[in-house]
Amino acid sequence: MGGAGASQGLVESSSGDFQHHASIISLSVSSEVSVAQTPALADKQLAAFRSGSLPKCLSRYFSKLLSGQKYKGATVSPVSTKQGSPPAPGTTGSFGLRFTVSVTLHRIPIPLYIDILGFVKGSAEVSLFATGLPEPVPASLEEHLFKLLLARARSHKV
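The opening residue of the sequence shown carries number 240 in the numbering used here; numbering runs sequentially from there.
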């Protein structure tokens with residue numbers, strides 16, 4: 240995610256982008272694991288997510304990204320952000336972010352949801368990315384995938 244110490248990480252790997260399309264619904268999930276040089280650097284990254292400054296920065300980034308696009312007859316709402324901390328037993332800590340934006344086309348609002356859930360365990364920084372249009376990825380699916388990432392992290396010493 241480009242936070243504290245990210246450029247000095249030892250390794251980074253991403254999953255494929257898994258997508259589901261049905262009628263007008265479009266869902267996508269992916270994950271990323273990066274290993275910081277030290278647990279302290281990974282903890283610093285976690286602190287950045289929890290502080291509020293990184294979420295605000297990402298919100299501005301998404302706003303600029305979307306407002307820079309040309310949508311014929313469409314308007315883009317400001318990006319809203321919600322923060323939380325999903326349970327992540329056995330880790331240093333976790334974070335959860337939801338970014339919501341609405342694109343209005345012919346007076347019909349079409350919401351876009353971008354969720355980023357993550358945790359730090361030792362030097363490992365693990366993130367789950369989920370996007371949904373016009374509805375969020377179901378919470379039960381996000382919870383299941385997050386728990387899988389937790390189980391995998393617990394089974395590896397980093």
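By construction, these hints were calculated from the structure, which means they are not laboratory data. Beta carbons: idealized from backbone N, C-alpha and C, even for Gly. Treat the hints loosely; a few may be bogus.
Quick list of in silico lysine to aspartate or glutamate cross-link-like pairs, EDC-like style, CA-CA up to 20 Å [unchecked claim]:
1. 396 - 271
2. 396 - 251
3. 303 - 382
4. 321 - 256
5. 283 - 251
6. 321 - 251
7. 311 - 271
8. 386 - 354
9. 283 - 271
10. 396 - 256
11. 321 - 374
12. 386 - 271
Here are the simulated distance ranges between beta carbons [unchecked claim]:
13. 328 - 349: 34 to 40 Å
14. 383 - 303: 17 to 23 Å
15. 303 - 394: 38 to 44 Å
16. 283 - 395: 18 to 24 Å
17. 344 - 387: 21 to 27 Å
18. 251 - 314: 34 to 40 Å
19. 329 - 349: 18 to 24 Å
20. 283 - 347: 16 to 22 Å
21. 263 - 328: 33 to 39 Å
22. 251 - 312: 17 to 23 Å
23. 390 - 320: 35 to 41 Å
24. 249 - 314: 42 to 48 Å
25. 383 - 300: 40 to 46 Å
26. 254 - 346: 14 to 20 Å
Verification of the hints:
no.	hint	verdict
1	396 - 271	17 Å, holds
2	396 - 251	16 Å, holds
3	303 - 382	30 Å, violated
4	321 - 256	23 Å, violated
5	283 - 251	17 Å, holds
6	321 - 251	26 Å, violated
7	311 - 271	34 Å, violated
8	386 - 354	15 Å, holds
9	283 - 271	17 Å, holds
10	396 - 256	26 Å, violated
11	321 - 374	16 Å, holds
12	386 - 271	14 Å, holds
13	328 - 349: 34 to 40 Å	37 Å, holds
14	383 - 303: 17 to 23 Å	33 Å, violated
15	303 - 394: 38 to 44 Å	39 Å, holds
16	283 - 395: 18 to 24 Å	21 Å, holds
17	344 - 387: 21 to 27 Å	36 Å, violated
18	251 - 314: 34 to 40 Å	36 Å, holds
19	329 - 349: 18 to 24 Å	39 Å, violated
20	283 - 347: 16 to 22 Å	43 Å, violated
21	263 - 328: 33 to 39 Å	37 Å, holds
22	251 - 312: 17 to 23 Å	40 Å, violated
23	390 - 320: 35 to 41 Å	28 Å, violated
24	249 - 314: 42 to 48 Å	44 Å, holds
25	383 - 300: 40 to 46 Å	28 Å, violated
26	254 - 346: 14 to 20 Å	38 Å, violated
Hints 3, 4, 6, 7, 10, 14, 17, 19, 20, 22, 23, 25 and 26 from the list above are not met by this structure, while the remaining hints are.
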